[in-house]
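Q: If you're matching them up, the sequences are chains G and U in order. So in this note's numbering, the last spot in the first sequence is 102, and the numbers never skip. So in this note's numbering, the last spot in the second sequence is 321, and the numbers never skip.
Keep in mind that a hint or two might mislead.
Said to hold, decoys possible - Dumping the calculated EDC-like pairs for lysine to aspartate or glutamate here, alpha-carbon to alpha-carbon at most 16 Å:
#1 K40/U <-> D245/U
#2 K200/U <-> D245/U
#3 K274/U <-> E260/U
#4 K265/U <-> E100/U
#5 K134/U <-> E100/U
#6 K289/U <-> D52/G
#7 K289/U <-> D88/G
#8 K207/U <-> D163/U
#9 K200/U <-> D178/U
#10 K200/U <-> E149/U
#11 K39/G <-> E276/U
#12 K290/U <-> E77/G
#13 K40/U <-> D277/U
#14 K274/U <-> D38/G
#15 K147/U <-> E100/U
#16 K203/U <-> E223/U
#17 K39/G <-> D277/U
#18 K207/U <-> D220/U
Said to hold, decoys possible - Simulated restraints, written as ranges between beta carbons of each label pair:
#19 V97/G <-> P64/U: 53 to 61 Å
#20 H20/G <-> D153/U: 34 to 42 Å
#21 L90/G <-> F281/U: 39 to 47 Å
#22 F301/U <-> D28/G: 20 to 28 Å
#23 G292/U <-> H20/G: 51 to 59 Å
#24 I70/G <-> E223/U: 16 to 24 Å
#25 R183/U <-> H20/G: 22 to 30 Å
#26 D299/U <-> N74/G: 18 to 26 Å
#27 G57/G <-> F281/U: 20 to 28 Å
#28 R56/G <-> P186/U: 23 to 31 Å
#29 D28/G <-> E223/U: 30 to 38 Å
Note that these hints are calculated values from the structure, not bench results. Every value quoted in this text rests on a predicted model; they were computed, and no experiment measured them. All residues carry an ideal CB built from backbone N, CA and C; glycine is no exception.
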Amino acid sequence: MTRDSEQNSSNVSRFLPNPHIAWAIEIDSVILINHENDKTLTLKYPQAMIWDFLTRGYTNDRIVPLVSIIYSCNENESLDILNKTLNDWLKAGLISVGNNHG
Amino acid sequence: MANISITTKCNQRCDYCFTKIVSEFQDKAVINMNKDLFKKSLEFLERSHISHVRLLGGEPTLHPYFTSIIDAVLCRKINLLIFTNGLMPKTALRKLERIEGDRVSVMVNITPAFKSLPALNKRLRNVFLSLGAKVTLGLNIYSPGVKYEHMLDLIYNYKLSNDIRLGLAHPCVYGTNDYLHPRHYPEVGRRLLGFAESAKLAKVNLKLDCGFVPCMFPEDNSEAFKEVLANTGKRCNPIIDVLPDGNVISCYPLARLHMEAIPAKEDATWLRGKFEDRLRFARSIKIYKKCGYCHWFADGFCSGGCLAASMMRLRQMRNSA
Numbered sequence: 001m002t003r004d005s006e007q008n009s010s011n012v013s014r015f016l017p018n019p020h021i022a023w024a025i026e027i028d029s030v031i032l033i034n035h036e037n038d039k040t041l042t043l044k045y046p047q048a049m050i051w052d053f054l055t056r057g058y059t060n061d062r063i064v065p066l067v068s069i070i071y072s073c074n075e076n077e078s079l080d081i082l083n084k085t086l087n088d089w090l091k092a093g094l095i096s097v098g099n100n101h102g
Numbered sequence: 001m002a003n004i005s006i007t008t009k010c011n012q013r014c015d016y017c018f019t020k021i022v023s024e025f026q027d028k029a030v031i032n033m034n035k036d037l038f039k040k041s042l043e044f045l046e047r048s049h050i051s052h053v054r055l056l057g058g059e060p061t062l063h064p065y066f067t068s069i070i071d072a073v074l075c076r077k078i079n080l081l082i083f084t085n086g087l088m089p090k091t092a093l094r095k096l097e098r099i100e101g102d103r104v105s106v107m108v109n110i111t112p113a114f115k116s117l118p119a120l121n122k123r124l125r126n127v128f129l130s131l132g133a134k135v136t137l138g139l140n141i142y143s144p145g146v147k148y149e150h151m152l153d154l155i156y157n158y159k160l161s162n163d164i165r166l167g168l169a170h171p172c173v174y175g176t177n178d179y180l181h182p183r184h185y186p187e188v189g190r191r192l193l194g195f196a197e198s199a200k201l202a203k204v205n206l207k208l209d210c211g212f213v214p215c216m217f218p219e220d221n222s223e224a225f226k227e228v229l230a231n232t233g234k235r236c237n238p239i240i241d242v243l244p245d246g247n248v249i250s251c252y253p254l255a256r257l258h259m260e261a262i263p264a265k266e267d268a269t270w271l272r273g274k275f276e277d278r279l280r281f282a283r284s285i286k287i288y289k290k291c292g293y294c295h296w297f298a299d300g301f302c303s304g305g306c307l308a309a310s311m312m313r314l315r316q317m318r319n320s321a
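Required output: the full structure, derived from the provided sequences and hints.
A: Here is the structure:
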């Protein structure tokens with residue numbers, strides 16, 4: 001993602017888990033199961049928290065300030081965390097772009 | 001131990017029944033195992049050095065060749081335990097009455113319809129009177145309100161076996177059966193521990209099936225608790241269930257995840273290995289969020305409960321959207 005597209009996508013984009021991905025919420029993590037290859041992935045924080053927000057349908061502009069508050073970082077740093085996480089998950093086929101509703 | 005289900009036919013409709021998952025995905029009303037398949041199943045078990053077999057259904061005594069099936073087992077060095085609701089045809093009851101020795105025994109599962117229907121009670125009484133100590137009582141716990149004490153009366157009045165088998169009604173993954181949700185386990189455990197003390201006084205042994213977990217019981221130092229604890233925690237592994245159509249599953253709750261044909265040459269150990277490989281992906285999920293912090297789990301005393309119940313915690317976007 002370019003900085004411009006990051007800026008645009010972070011304002012309006014929503015990402016959702018792909019249909020073949022199942023997850024279970026644990027006390028300190030989220031466990032993902034990819035039904036296409038039966039591989040599991042354990043997400044610790046902050047990624048577990050970002051996943052939880054995605055599954056609730058939060059858009060990026062809602063997630064960024066939440067990450068910022070919880071991790072006591074500014075919103076640029078929070079945006080970097082979020083973008084890196086979303087990039088990794090997009091490449092791994094865990095998520096795709098959802099409806100662009102705010 | 002392995003299970004052979006010889007028919008999907010049943011004369012009761014228990015909401016928690018997990019064997020109906022077979023009929024659901026086979027899209028057939030009734031399947032009866034044919035004689036050749038039964039022979040093939042027995043050969044597979046002998047090759048696997050399994051000498052104890054449980055006969056399941058539906059209601060296995062309703063199979064049209066039930067008496068021949070019993071004969072086929074008695075010809076081999078295999079002991080048989082028949083899981084039944086007790087509402088068996090007279091031909092089946094007479095066959096079982098005449099078998100001498102202890103190679104064949106009967107597990108009568110007390111279903112929810114018991115006690116509420118006098119005619120049903122009369123038929124069960126006949127079975128108890130005819131078979132006596134060959135009968136072990138069983139009960140599937142499908143709700144926290146299930147009652148246990150009447151089983152002690154039945155054992156005493158009809159001189160039945162001094163064992164009671166207790167099982168939890170587990171969910172079938174992708175199935176529709178009613179099941180006991182793990183949120184109810186502590187209530188079940190509390191009442192069960194009380195019953196365990198009554199059973200101990202009556203010299204009746206409780207045998208717990210898979211899926212019971214230590215944390216469901218209030219911890220105390222009673223003998224009843226220690227005995228119950230010895231039966232819990234670790235058992236969630238492929239049972240090997242042979243279905244009426246000759247397919248084999250790990251267990252009914254996980255039937256829709258993976259199925260194999262009866263192998264031509266390999267044995268049950270090989271088959272269990274295949275099921276373990278297939279199901280390994282799901283072992284990271286436990287029945288509760290808190291399992292990762294539980295001392296029973298940390299100490300290796302508990303493996304995290306029924307895998308099917310654990311998988312019910314999984315969410316997917318198409319269901320949660």
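Q: Mind checking the alpha carbons of K39/G and E276/U for me, to see if they're no more than 16 Å apart?
A: holds (14 Å)
Q: R56/G and P186/U, beta-carbon distance inside 23 to 31 Å?
A: This hint holds: roughly 29 Å between Cβ atoms.
Q: Going straight from one Cα to the other, do K207/U and D220/U come out at no more than 16 Å?
A: It is violated: about 20 Å lies between the C-alpha atoms, which goes past 16 Å.
Q: Given the hinted pair K203/U and E223/U, is their alpha-carbon gap at most 16 Å?
A: OK: K203/U and E223/U at ~13 Å, within 16 Å.
Q: For the pair I70/G and E223/U, does the Cβ-Cβ distance stay inside 16 to 24 Å?
A: 49 Å Cβ-Cβ, so the 16 to 24 Å window is violated.
Q: Is the distance from the Cβ of D299/U to the Cβ of N74/G consistent with 18 to 26 Å?
A: violated (44 Å)
Q: Is K289/U close enough to D52/G, meaning Cα to Cα at most 16 Å?
A: holds (15 Å)
Q: Given the hint of 39 to 47 Å, is the C-beta distance from L90/G to F281/U inside that range or not?
A: Because 22 Å falls outside the window, the suggested range is violated.
Q: Is the distance from the Cβ of G57/G to the Cβ of F281/U consistent with 20 to 28 Å?
A: holds (27 Å)
Q: Are D28/G and E223/U spaced within 30 to 38 Å by their CB atoms?
A: Since D28/G and E223/U have Cβ atoms about 37 Å apart, the given range 30 to 38 Å holds.
Q: Verify the CB-CB distance for R183/U and H20/G against the hinted window 22 to 30 Å.
A: holds (28 Å)
Q: Take a quick look at whether K200/U and D178/U sit within 16 Å of each other, Cα to Cα.
A: violated (30 Å)
Violated hints, listed in ascending order, are 2, 4, 7, 9, 12, 13, 15, 18, 20, 21, 23, 24 and 26; each of the other numbered hints is respected by the structure.
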